[in-house]
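Chemist: Residue numbers (this note's numbering), protein chains in the order written: chain A, 1 to 452; chain B, 1 to 452.
Keep in mind the hints are simulated off the structure, nothing from the lab.
Warning: the hint list may mix true and false statements.
Since the list gives no way to pick out one identical chain from another, each pair is judged satisfied if it fits inside one copy or across any two copies.
[To be verified] When the alpha-carbon atoms are kept at most 20 angstroms apart in a straight line, the in silico EDC-like pairs for lysine to aspartate or glutamate are as follows:
1) K382 with E74
2) K223 with E52
3) K223 with D49
4) K289 with D428
2 protein chains.
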Amino acid sequence: MSPPTDLTRTFGNFIASTQWDQLPDRVRHEAKRSILNFVATAFSGCREDAVEQTLASLLAFSRGGQATVIGRTERLDALSAAFLNAASGNVFDFDDTHLRTVIHPTAPVAPALFALAELRSVSGRELLLAFTLGVEIECRIGNAISPEHYGRGWHITSTCGCFGAAAAAGKMLSLDAERMVWALGGAATQTSGLVECLGTATKSLSVGNAARNGLWSALLAEKGFRGPAAPLEGRQGYFNALAPSAPNWSALTHGLGDTWELLENAYKPYPGGIVIHPVIDAALALREKHAPASEAIARILVRGHPLLAARTDRPHVTTGREAQVSVQHSVAAALLFGKAGLDQYTDVCVLDPAVLALRAKIEVEQDPSIALQGASVCIEMKAGETYTTTVAAARGSLQRPLTDREIEEKLRVLAAGWRAEDVQPIIDAVWNLDRSEDAGAFLRLTVPRGSH
Amino acid sequence: MSPPTDLTRTFGNFIASTQWDQLPDRVRHEAKRSILNFVATAFSGCREDAVEQTLASLLAFSRGGQATVIGRTERLDALSAAFLNAASGNVFDFDDTHLRTVIHPTAPVAPALFALAELRSVSGRELLLAFTLGVEIECRIGNAISPEHYGRGWHITSTCGCFGAAAAAGKMLSLDAERMVWALGGAATQTSGLVECLGTATKSLSVGNAARNGLWSALLAEKGFRGPAAPLEGRQGYFNALAPSAPNWSALTHGLGDTWELLENAYKPYPGGIVIHPVIDAALALREKHAPASEAIARILVRGHPLLAARTDRPHVTTGREAQVSVQHSVAAALLFGKAGLDQYTDVCVLDPAVLALRAKIEVEQDPSIALQGASVCIEMKAGETYTTTVAAARGSLQRPLTDREIEEKLRVLAAGWRAEDVQPIIDAVWNLDRSEDAGAFLRLTVPRGSH
Numbered sequence: 001m002s003p004p005t006d007l008t009r010t011f012g013n014f015i016a017s018t019q020w021d022q023l024p025d026r027v028r029h030e031a032k033r034s035i036l037n038f039v040a041t042a043f044s045g046c047r048e049d050a051v052e053q054t055l056a057s058l059l060a061f062s063r064g065g066q067a068t069v070i071g072r073t074e075r076l077d078a079l080s081a082a083f084l085n086a087a088s089g090n091v092f093d094f095d096d097t098h099l100r101t102v103i104h105p106t107a108p109v110a111p112a113l114f115a116l117a118e119l120r121s122v123s124g125r126e127l128l129l130a131f132t133l134g135v136e137i138e139c140r141i142g143n144a145i146s147p148e149h150y151g152r153g154w155h156i157t158s159t160c161g162c163f164g165a166a167a168a169a170g171k172m173l174s175l176d177a178e179r180m181v182w183a184l185g186g187a188a189t190q191t192s193g194l195v196e197c198l199g200t201a202t203k204s205l206s207v208g209n210a211a212r213n214g215l216w217s218a219l220l221a222e223k224g225f226r227g228p229a230a231p232l233e234g235r236q237g238y239f240n241a242l243a244p245s246a247p248n249w250s251a252l253t254h255g256l257g258d259t260w261e262l263l264e265n266a267y268k269p270y271p272g273g274i275v276i277h278p279v280i281d282a283a284l285a286l287r288e289k290h291a292p293a294s295e296a297i298a299r300i301l302v303r304g305h306p307l308l309a310a311r312t313d314r315p316h317v318t319t320g321r322e323a324q325v326s327v328q329h330s331v332a333a334a335l336l337f338g339k340a341g342l343d344q345y346t347d348v349c350v351l352d353p354a355v356l357a358l359r360a361k362i363e364v365e366q367d368p369s370i371a372l373q374g375a376s377v378c379i380e381m382k383a384g385e386t387y388t389t390t391v392a393a394a395r396g397s398l399q400r401p402l403t404d405r406e407i408e409e410k411l412r413v414l415a416a417g418w419r420a421e422d423v424q425p426i427i428d429a430v431w432n433l434d435r436s437e438d439a440g441a442f443l444r445l446t447v448p449r450g451s452h
Numbered sequence: 001m002s003p004p005t006d007l008t009r010t011f012g013n014f015i016a017s018t019q020w021d022q023l024p025d026r027v028r029h030e031a032k033r034s035i036l037n038f039v040a041t042a043f044s045g046c047r048e049d050a051v052e053q054t055l056a057s058l059l060a061f062s063r064g065g066q067a068t069v070i071g072r073t074e075r076l077d078a079l080s081a082a083f084l085n086a087a088s089g090n091v092f093d094f095d096d097t098h099l100r101t102v103i104h105p106t107a108p109v110a111p112a113l114f115a116l117a118e119l120r121s122v123s124g125r126e127l128l129l130a131f132t133l134g135v136e137i138e139c140r141i142g143n144a145i146s147p148e149h150y151g152r153g154w155h156i157t158s159t160c161g162c163f164g165a166a167a168a169a170g171k172m173l174s175l176d177a178e179r180m181v182w183a184l185g186g187a188a189t190q191t192s193g194l195v196e197c198l199g200t201a202t203k204s205l206s207v208g209n210a211a212r213n214g215l216w217s218a219l220l221a222e223k224g225f226r227g228p229a230a231p232l233e234g235r236q237g238y239f240n241a242l243a244p245s246a247p248n249w250s251a252l253t254h255g256l257g258d259t260w261e262l263l264e265n266a267y268k269p270y271p272g273g274i275v276i277h278p279v280i281d282a283a284l285a286l287r288e289k290h291a292p293a294s295e296a297i298a299r300i301l302v303r304g305h306p307l308l309a310a311r312t313d314r315p316h317v318t319t320g321r322e323a324q325v326s327v328q329h330s331v332a333a334a335l336l337f338g339k340a341g342l343d344q345y346t347d348v349c350v351l352d353p354a355v356l357a358l359r360a361k362i363e364v365e366q367d368p369s370i371a372l373q374g375a376s377v378c379i380e381m382k383a384g385e386t387y388t389t390t391v392a393a394a395r396g397s398l399q400r401p402l403t404d405r406e407i408e409e410k411l412r413v414l415a416a417g418w419r420a421e422d423v424q425p426i427i428d429a430v431w432n433l434d435r436s437e438d439a440g441a442f443l444r445l446t447v448p449r450g451s452h
């Protein structure tokens, strides 16, 4: 089977022609939820080392003054701001997840639009529509090539994200279908990102570039910068180079305009790997109900889908970043502190003797009868009692999504050091984006003033 | 067979430890020839549309003032200048060719160094050494994955060039082996570029990015920006994602430090596709000897290696860019004008009625007994005579390399509009680079002043 004929052109037509009126209310609202969740994680990441280092470097090259970096006072050129916001939002992997592909959809797409919203005058509706279309293209390409693409070593958030950023920025610039094809061509020849780099600072380069290069491709296309007619499906194009031998071609266009990938987006209550989330839920529930003293615990048995053990059975971890994918660390910290936030995934917490002692008592068992979004935790006390809790679907899963209030609360927690009266206007501005004539205005609210 | 253990570390050690004294004289001189040839082609490309458009766009985002764009008065930030010089030098594919891989080695590597030489104080020897090492890494990676990598759609100049730029810039920054590995990791996760984009403006994005992103990776690594230990050979690293199923692993390190890829570098006398060059030589020789009047020609038969017909049998072309890969156009223009320079590959020349009339008389025949660097041209006159010339190896091939004087002349021709007395100092400065304490000085000579 071959790729759909004129695929890129089909995408170009779809992006150029789709209007706000065609978006269902639920999709419009999900766009706001995704953006609010993104702003929360950008607050958490905006002072992480990789962000600090790229910011310091880009400041030396940037014209400056054009666009906001969320949570920071420095203003950079639009391309650099897009890079930095994408890196900030994704650096802790605490951002949203398109579960079918494990793409973090918002990080490459929204920052391209944020930067553009400060360069040009655009309304909140234009931003929400462009964002929705960018995520649609990004995740449809991902659906077609998952999971083999990631399996070959491609960091799918970065590679597909660049298309999402180009599509979204192109929509915000009102590109016609032909120019949209050029923008997608510019993205195709700039997509990159390797899984090998995860866990190191270099991960942020490809995520940031996805936003920057997608935005730049659209800006160049607007000026007539030509690309090939078929960058995706062409004989020497994107799919031939980066896709597995048998992509799911129908996933690219089946139901285009009728179904919306944004409705498959999930938001994390905890910064750890998403397969650990039901385990954390169970551990927190057990603590709430039984408050087991750590030294009185003999053993803790975690049972879950085989992928849980495959990806997260890591009793020995030494850094906060590694701990994010350790089920032992996550359970120990949740039981000891009653929380599983960023504070529980610092290097200091990982080396805490109490955490180490409890981690050593935790074992993981595979149970193929348990769904990926479920888990069971059993605490065996030295005195003989056992406490068991089973979670069918984790908080934050599609079956049990975070509520709007929970996403708001996530932002309040991650905007550490901010006063409540300075955070509330950001929350209000995102919920009211579809009534704003100036989509860029809310970004200025994310800049620390005075006491922050 | 697996990739060499600790490959990236081996490269890191090699780059960090190699000194000027270890470079044979012939290699040092070839580095100067490559740079002189590059400056020539950058002059030719610096006003091409894709360069004009990216320059205009980057000016809006750039701090400016840091670094020279060859042939232009605008000064941009170092990253943007690296992008633009790489794009300028390569845009017409008139730059150098590493024949085994078809990599254009200098375009991604030299511009990273040029920009750095204006940011920091470095000597000409440091620049020549860094350049040589960058080309070595770039072409060795290319040797390992050619020709399948290009065949899958990867624009090998861009993908391998990013490693070359990172290695070269890292050397100029005196990175130790560990930081060099981080720089190569930053490059690995930023390499991109699709063959599908050739012939359009978007080609220049990946070529420019190779220089920019390689340079940036090295600058970040200098500041401690960490990457993975094995970005090339790691399980989810570069080779797994971008290389064919069976790379030529031994090409990566066999003879490292003893043989030099730069000695395999070739310089084009004509901007057309390199397989057309022996045909052009033959056509020019026939014109010189017989001066056949165009209207008196009945038929022209070109015979060459099967790849000649496969790649360049294009009697009908409509743009200068297409004409660069048309053997018919090249022969017709060479016979009519006695030249095959950029002026013979303009849209105007392609549509010239005299050229069209002659093109229609030209046929291409495959002859597997002829080497790729050879060709034979036979002109059959209406009056009955036939004139035949056979070329064993084209001008500019490794068997018949351009002389130093011919490369100088290429620069004089391509610096169109420049006075001879302004070009000569550039030529002198490149030949004397190994005696210069300020490698950046010669770049200022490439900026037009006054009457240019």
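Chemist: So, for every hint listed, does it hold in this structure?
Modeler: Here is how each hint holds up against the structure:
1. With identical chains, the CA atoms of K382 and E74 are never at most 20 angstroms apart, being 55 angstroms at best within one copy and 75 angstroms at best between copies.
2. In this assembly of identical chains, K223 and E52 lie within 20 angstroms of each other by CA distance solely across copies; the values are 11 angstroms between and 33 angstroms within a copy.
3. Taking CA atoms no more than 20 angstroms apart as the test, K223 paired with D49 passes between copies only; the shortest distance there is 11 angstroms, against 36 angstroms inside one copy.
4. In this assembly of identical chains, K289 and D428 lie within 20 angstroms of each other by CA distance neither inside one copy nor across copies; the values are 35 angstroms within and 82 angstroms between.
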